[in-house]
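**Student:** Listed here are the chains, written in short residue letters.
2 protein chains.
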Amino acid sequence: MINNVVLIGAGNLATQLALALFENGIQVKQIYSRKLETAIELAGKVGAAFTNNLSQLISDADLYVIAVKDLAIQEILENLSLNENMLIVHTAGSVPMEILDGFSLNYGVFYPLQTLSKYRKADFSVVPVCIEANHPSNLMKLQELAGRLSDSVHQISSVERKTLHLAAVFANNFVNHFYAIGAEILEDKKLNFDLLKPLILETAAKIKTLGPVEAQTGPATRNDTATISSHLKMLQDRPEFQKIYSFVSESIFQLQQKHNHDLF
Amino acid sequence: MINNVVLIGAGNLATQLALALFENGIQVKQIYSRKLETAIELAGKVGAAFTNNLSQLISDADLYVIAVKDLAIQEILENLSLNENMLIVHTAGSVPMEILDGFSLNYGVFYPLQTLSKYRKADFSVVPVCIEANHPSNLMKLQELAGRLSDSVHQISSVERKTLHLAAVFANNFVNHFYAIGAEILEDKKLNFDLLKPLILETAAKIKTLGPVEAQTGPATRNDTATISSHLKMLQDRPEFQKIYSFVSESIFQLQQKHNHDLF
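Line order of the protein sequences matches chains S and E.
All residue numbers for the first sequence refer to the working numbering, where the first residue is 1 and numbers rise by one.
All residue numbers for the second sequence refer to the working numbering, where the first residue is 1 and numbers rise by one.
Hints listed in this document are in silico derivations from the structure and should not be mistaken for laboratory results.
Careful: at least some of the hints might be erroneous.
Identical chains share a label here; the pair holds if one copy fits it or two copies do between them.
Straight-line distance between alpha carbons at most 30 Å, and here's what the computed DSSO-like set of lysine-lysine pairs gives [what the hints assert, rightly or not]: (1) K243 <-> K233; (2) K45 <-> K190; (3) K121 <-> K208; (4) K190 <-> K69; (5) K233 <-> K197; (6) K118 <-> K45; (7) K189 <-> K206; (8) K206 <-> K118; (9) K197 <-> K35; (10) K208 <-> K189; (11) K35 <-> K190; (12) K121 <-> K233; (13) K190 <-> K233; (14) K121 <-> K197; (15) K208 <-> K118; (16) K45 <-> K69; (17) K197 <-> K243; (18) K258 <-> K118; (19) K121 <-> K206.
So that you can see chain S by itself, here it is in the shape it has in the complex (with noise of 0.2 Å):
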């Protein structure tokens, strides 16, 4: 069982990982940050201790997580020096847990399916936590401290992991683009983002119940060329969004035609 973890990170992730731990009486023992700073200000937060120096890691830990950015896992990786049997996880969508072997014999992935700010505090016990392990018996320990965090634990491959983190950035980062894009066209035309909040809040909450097919309305999906050539035409100082829009409204239609065909 895991009792204390050491962090190796202390961004987005790592910070609402740890508030998570401590909350739920797992020892937070230590805080590695690059910046010496970033590593004290969430430690004061769990009452860790705290380094920017890999070779002053504690050395018997439970656990060990790598929560930084994927390109720096792997010099990470190389400036560690843990005993071999110690565990070691990264919380990366995209990379292979394979990328751990040869620096421990005990390793895994602990994956939290969020999208995560500092000073954002996350309800974890709704968050999925996809979890990997080389062994049977390192699974079982990170389902057990997952199961601790969250009501919502998988066991998912790295193969897996990565197709979830391609659907999560259309979910996210291009969702929130779109977003983005709303506020600029209202912004351009002097109008106030805060009327749009409510609908981008129960398009959200419309999943929950409505397949995402099913619930599609709009120009694009009854095909209305009149409005969608007015939109068009609305767009015209923004060349970048007309093409979006295009691309999209063409995505839109020839979905729901296929699910239309797969119905009848």
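Starting from the known structure of chain S, fit chain E onto it as the hints suggest.
**Tutor:** Positioned in the frame of chain S, the structure of chain E alone reads:
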């Protein structure tokens, strides 16, 4: 003051509007729908009379609301035979108010900026209602009525309303399409769409406190070409999604650059 209403239409918007009127003590006198059963179904919920014949509309209501598809408004108007003093509004985002000119001396627009469904109860009190009228006295009447249903009432011109509708297409239709693409990507690999739902809800909830450009994360923002290439490769069997991925990623990067440039 508007104490009673005749509703022309019984679709998604008409249904939620009828329920909101009814619950706030404004009498729905009569419901018209082309299909009699549809009129009867909604009329039953709000204690209204019903008809599928425009020549049988009650002649003395305080307000006539045309809540039908954009393309059906003109035909409805041509078949109405009301006293020319009657107050008439439509509820469409993209249709100018002036479509009502010539059919009555008193007219306006009552546009709820929300995605509404027949069978999903809307909390109308938070729905932004955009109103417009051909005369200050009509505007006052609509303002007062809207204020009884919603805490968010806005005087919006036809041109502004069209801009809001365009922004709403991005924030609702296009966003929802990206939920659908996420669902397709997972389905192709037999992964459960439920795994994405907490992310979708949190992505929307974030905009309550964080601007969408500020909230943006992901490979496109940091121009992480390795992850972008790998995602494009994963989409090779879905070329339409591949194309959208490229365009949107490019657009995210450009918008971030623009905003960074604005900042420094």
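**Student:** Evaluate each hint against the coordinates.
**Tutor:** Taking the hints in turn, this is what the structure says about them:
1. Taking identical chains as interchangeable, the C-alpha atoms of K243 and K233 lie at most 30 Å apart whether they share a chain (12 Å) or sit on different chains (22 Å).
2. Taking the shortest alpha-carbon separations for K45 and K190, neither the intra-copy value of 41 Å nor the inter-copy value of 40 Å comes in at or below 30 Å.
3. In the homo-oligomer, the alpha carbons of K121 and K208 lie at most 30 Å apart both inside one protomer (22 Å) and across protomers (14 Å), since each shortest distance falls under that limit.
4. In this assembly of identical chains, the alpha carbons of K190 and K69 lie at most 30 Å apart only when taken from different copies (28 Å versus 37 Å within one copy).
5. In this assembly of identical chains, the alpha carbons of K233 and K197 lie at most 30 Å apart only when taken from the same copy (25 Å versus 34 Å across copies).
6. When the C-alpha separation of K118 and K45 is checked against a cutoff of 30 Å, the pair qualifies only within one copy, where the shortest distance is 12 Å, while the shortest distance between copies is 47 Å.
7. With identical chains, the CA atoms of K189 and K206 are at most 30 Å apart both within one copy (29 Å) and between copies (24 Å).
8. Taking identical chains as interchangeable, the C-alpha atoms of K206 and K118 lie at most 30 Å apart whether they share a chain (27 Å) or sit on different chains (13 Å).
9. For a Cα distance limit of 30 Å, the shortest separation of K197 from K35 qualifies neither inside one copy, at 36 Å, nor across copies, at 34 Å.
10. For a Cα distance limit of 30 Å, the shortest separation of K208 from K189 across copies, 21 Å, qualifies, whereas the shortest one inside one copy, 33 Å, does not.
11. Taking the closest pair of Cα atoms, K35 and K190 never come within 30 Å of each other, the shortest separation being 41 Å inside a single copy and 41 Å across copies.
12. Proximity of K121 and K233 under a CA criterion of 30 Å is satisfied in neither setting, with 42 Å inside one chain copy and 35 Å between copies.
13. In the homo-oligomer, the alpha carbons of K190 and K233 lie at most 30 Å apart inside one protomer (19 Å), although the nearest pairing across protomers, at 40 Å, exceeds that limit.
14. Taking identical chains as interchangeable, the C-alpha atoms of K121 and K197 lie at most 30 Å apart whether they share a chain (20 Å) or sit on different chains (18 Å).
15. Taking the shortest alpha-carbon separations for K208 and K118, both the intra-copy value of 26 Å and the inter-copy value of 16 Å come in at or below 30 Å.
16. With identical chains, the CA atoms of K45 and K69 are at most 30 Å apart within one copy only, with a shortest distance of 22 Å there and 55 Å across copies.
17. Taking the shortest Cα distances, K197 and K243 sit within 30 Å of each other both inside one copy (24 Å) and across copies (28 Å).
18. With identical chains, the CA atoms of K258 and K118 are at most 30 Å apart between copies only, with a shortest distance of 24 Å across copies and 41 Å within one.
19. In this homomeric assembly, K121 and K206 come within 30 Å of each other (Cα to Cα) both inside a single copy, at 23 Å, and across copies, at 11 Å.
Checked against the numbered hints given earlier, this structure breaks hints 2, 9, 11 and 12; the rest are met.
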